[in-house]
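Peer 1: Chains R and P, in that order, are what the protein sequence lines are. Under this note's numbering, read the first sequence as residues 1 to 221, first letter to last. Under this note's numbering, read the second sequence as residues 1 to 415, first letter to last.
Certain hints may be false.
Said to hold, decoys possible - A short, non-exhaustive set of chain P residues, derived as facing chain R with CB atoms under 10 Å: (1) Tyr93; (2) Lys109; (3) Met204; (4) Lys205.
What the hints assert, rightly or not - Covered by chain P, per the in silico footprint, the following chain R stretches (three or more residues, Cβ under 8 Å): (5) 23-36; (6) 47-56; (7) 69-76; (8) 131-143.
What the hints assert, rightly or not - So the derived label-pair ranges between C-beta atoms look like this: (9) P/Glu265 / R/Pro208: 31 to 39 Å; (10) R/Gly81 / P/Asp194: 42 to 50 Å; (11) P/Lys114 / R/Leu80: 32 to 40 Å; (12) R/Phe189 / P/Pro41: 25 to 33 Å; (13) P/Asp194 / R/Leu80: 33 to 41 Å; (14) R/Gly81 / P/Phe334: 26 to 34 Å; (15) R/Thr148 / P/Asp201: 55 to 63 Å; (16) R/Arg41 / P/Glu311: 32 to 40 Å; (17) R/Ala133 / P/Arg221: 50 to 58 Å; (18) R/Thr39 / P/Phe334: 30 to 38 Å; (19) P/Arg294 / R/Asp197: 49 to 57 Å; (20) P/Pro304 / R/Lys25: 37 to 45 Å; (21) R/Gly191 / P/Arg173: 46 to 54 Å; (22) P/Lys302 / R/Ala133: 23 to 31 Å.
Hints were generated in silico from the structure; no laboratory data involved. Ideal Cβ placement from N, Cα and C applies to all residues, glycine included.
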Amino acid sequence: MTADKPDSPTNAAEQAPALSPLLEKVKARMGALVHEYQTFRGDDRIHLDRANLVAAAQVLRDDPELAFDLLLDVTAIDYLGQPDDFTTRLEVWDRNQAAMRRLPTRRHELVLPPPGPHPRFAVVYHLISTTHAHRLRLKCRVPADDPTIASLTSVWPGANWLERETYDLYGINFVGHPDQRRIYLYDEFVGHPLRKDYQKRHEQPIEPYAGPGAKEPRRPQ
Amino acid sequence: MPDLEQKNLAALNSRNGARRGAAFDDLHTEPMRIQFGPSHPATHGTVKIVLDLEGEQVIDADVQVGFLHRGFEKECETGFFYQNIPYTDRLNYSSPILNNVGYCLAVEKLFDIKTPPRCDYIRVIGGELSRMADHLLAVGASAMELAAFTPMLYLLEGRELIYDLTDALCGARVTTNFVRIGGISADLPEGFKDFAVERLDKVMKLVADADKLLTENPIFRERMEGTGRLSAAELIAWGVTGPILRAGGVPYDVRRVTPYLVYNEIDFDVPVGEHSDNFDRYLVRMEELRQSRRMILQCLEKIPAGPVNTEDRRVRWPGKRQVFSRMEELIDQFKLVLEGGTPPAGEVYHAVEAANGELGFYIVSDGTGKAWKCRCRSPSFSNMSTLKNMLIGGQLADVVPTFGMMNMIGGECDR
């Protein structure tokens, strides 16, 4: 696989440090808030500290040159055991061996990789501007021992369900979310299934039917 | 009437004054909670809406999804890239080829593969056929839920005719599994052009008939006009895309805004509405049916000859004859089966315009044959998150047309 160009900042710095036109605009407006700019296959993305997220989101939405008015997607990535977000490449063959290894079916068989030096999770936001038609991706790293990040429902109300889904499947807590409940899974479900340490074949008992009226549907107050 | 109730009613009237007639002021009502679904004839797809009613008026709604959650993203992390294509059929099962195309374009962007032009044209043809099938079902089912049974029969007959075309393309009607990474499963069959022109003419006749039955129908208009309204600014803030956003007057269409495949080489209009109500959503869908046909006819005229699959050895499956007679192809076959074709490490997002809005796939690769993460940004999910705002303030009977025009597809919303 010599033809592959790894998506690494060192590599990018060696070749061409020039940012894309959109990232130049973003940098001019919020230079201090962002600590990394990257472009891969034409996708622009910026890396933020989670403390700066809401301030950055407001600039991105309100600045007339940027005008990111539509929040497309919120999701998370679990980088369990990875040294970073794949910018450092391990040997491809080792990775393939790991990918092909038969997954253990029971929890006690599971050997977890050691935690990487970087925060385990990344929360990812995809934005588009309906006026300028440009797209941007925001990434914030979130550590495993404190998986919290500010909710963006105050900036884009559409973040409501997307953040609920991320909470449901990854266990990231969105501080300031008006109605953070599980959205796909039932309330009794234990764990967060898209985390890498949740095995695909893990089964949970089916909750018995409690009869009509036994449990009122939970509603936001 | 006690003072308290007077006060409650006054508050309600001021909140929803526009839609609440004066005749209801003297009527004694009590707040009531009812469960709409999960099994209800009008919830095509399993969804539950807990409605709080004051008389006939919706004062609060809680939309609950997830009944069809199958773990699409978890499943995609455990299979090679090419093994996930059948799962994408089951996302929006009314327009499967559009999902196939969206997923494969995202993977090709990660691999940095350019497909041959003939392949791009065939993908557009298949995708637009799928979009027509989806719109026919959406409009037909909505009409049926408003007790207009005949147009539903016309439109579903049109969908059957389109399924015949899909059948000719890939041998399947619903779960197509048509697109491959770097190509498609088969070239156009012989005589497809004439077959398609004939079938599309028949479909358009049926659509015109349904149009006559619905568009000027006073009952249909009464129930569709002015219901489920939401302003364009609110739609954008809530992340709504697709026909619903265009019916609000925002000409946001991924095919036009960030063109992919050959959409910048063919002529089409993006219909927009102005009232942002259910009737405009219906009109936008009907116009998109005509535009899709226009696109297919243009593609059939313009389609160039040539191969339909890429020659990139990382994803191309060699023919069986070559595998059994040549060393190189045998090695390729082994590598694809065992390693699945390895892209560079990195992450990409690619969006296509699906029948309900922007369908995006966000793929994170660690450099192996399996995705580290494969996220599907489904239009139905974001659209459904604002259904509550469309329902509050309306009548109970407005739930059905609003939900019908939302065209929630359970497989795509719940993944």
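Peer 1: Would the stated hint for P/Met204 survive a check requiring a Cβ distance to chain R of less than 10 Å?
Peer 2: Given a least distance of 31 Å, the restraint on P/Met204 is violated.
Peer 1: With a cut-off of 10 Å on the beta carbons, see whether P/Lys109 makes it to chain R.
Peer 2: holds, 5 Å
Peer 1: For the pair R/Thr39 and P/Phe334, does the Cβ-Cβ distance stay inside 30 to 38 Å?
Peer 2: holds, 35 Å
Peer 1: Does the hinted range 32 to 40 Å hold for R/Arg41 and P/Glu311 at CB?
Peer 2: Distance hint for R/Arg41, P/Glu311 is violated at roughly 20 Å.
Peer 1: A range of 33 to 41 Å was offered for this pair. Does it hold for the Cβ distance of P/Asp194 and R/Leu80?
Peer 2: Roughly 55 Å apart at Cβ, these two residues miss the hinted range, so it is violated.
Peer 1: Look at the Cβ atoms of P/Lys302 and R/Ala133 and judge whether their distance stays inside 23 to 31 Å.
Peer 2: holds, 25 Å
Peer 1: Within 26 to 34 Å or not, the Cβ separation of R/Gly81 and P/Phe334?
Peer 2: Given a distance of about 29 Å, which is inside 26 to 34 Å, the answer is holds.
Peer 1: Can you let me know if the beta-carbon spacing of R/Ala133 and P/Arg221 is within 50 to 58 Å?
Peer 2: violated, 34 Å
Peer 1: For the hint on P/Lys205, just tell me whether its beta-carbon gets within less than 10 Å of chain R.
Peer 2: violated, 36 Å
Peer 1: Is the gap between the beta carbons of P/Arg294 and R/Asp197 within 49 to 57 Å?
Peer 2: Check passed, 51 Å falls within 49 to 57 Å.
Peer 1: Can P/Tyr93 be said to touch chain R, with a Cβ gap under 10 Å?
Peer 2: violated, 18 Å
Peer 1: Should the hint that P/Pro304 and R/Lys25 are 37 to 45 Å apart at their CB atoms be regarded as holding?
Peer 2: The hinted range 37 to 45 Å holds for P/Pro304 and R/Lys25, with Cβ atoms some 38 Å apart.
Going through the hint list in order, the structure does not satisfy hints 1, 3, 4, 5, 6, 9, 10, 13, 16, 17, 21.
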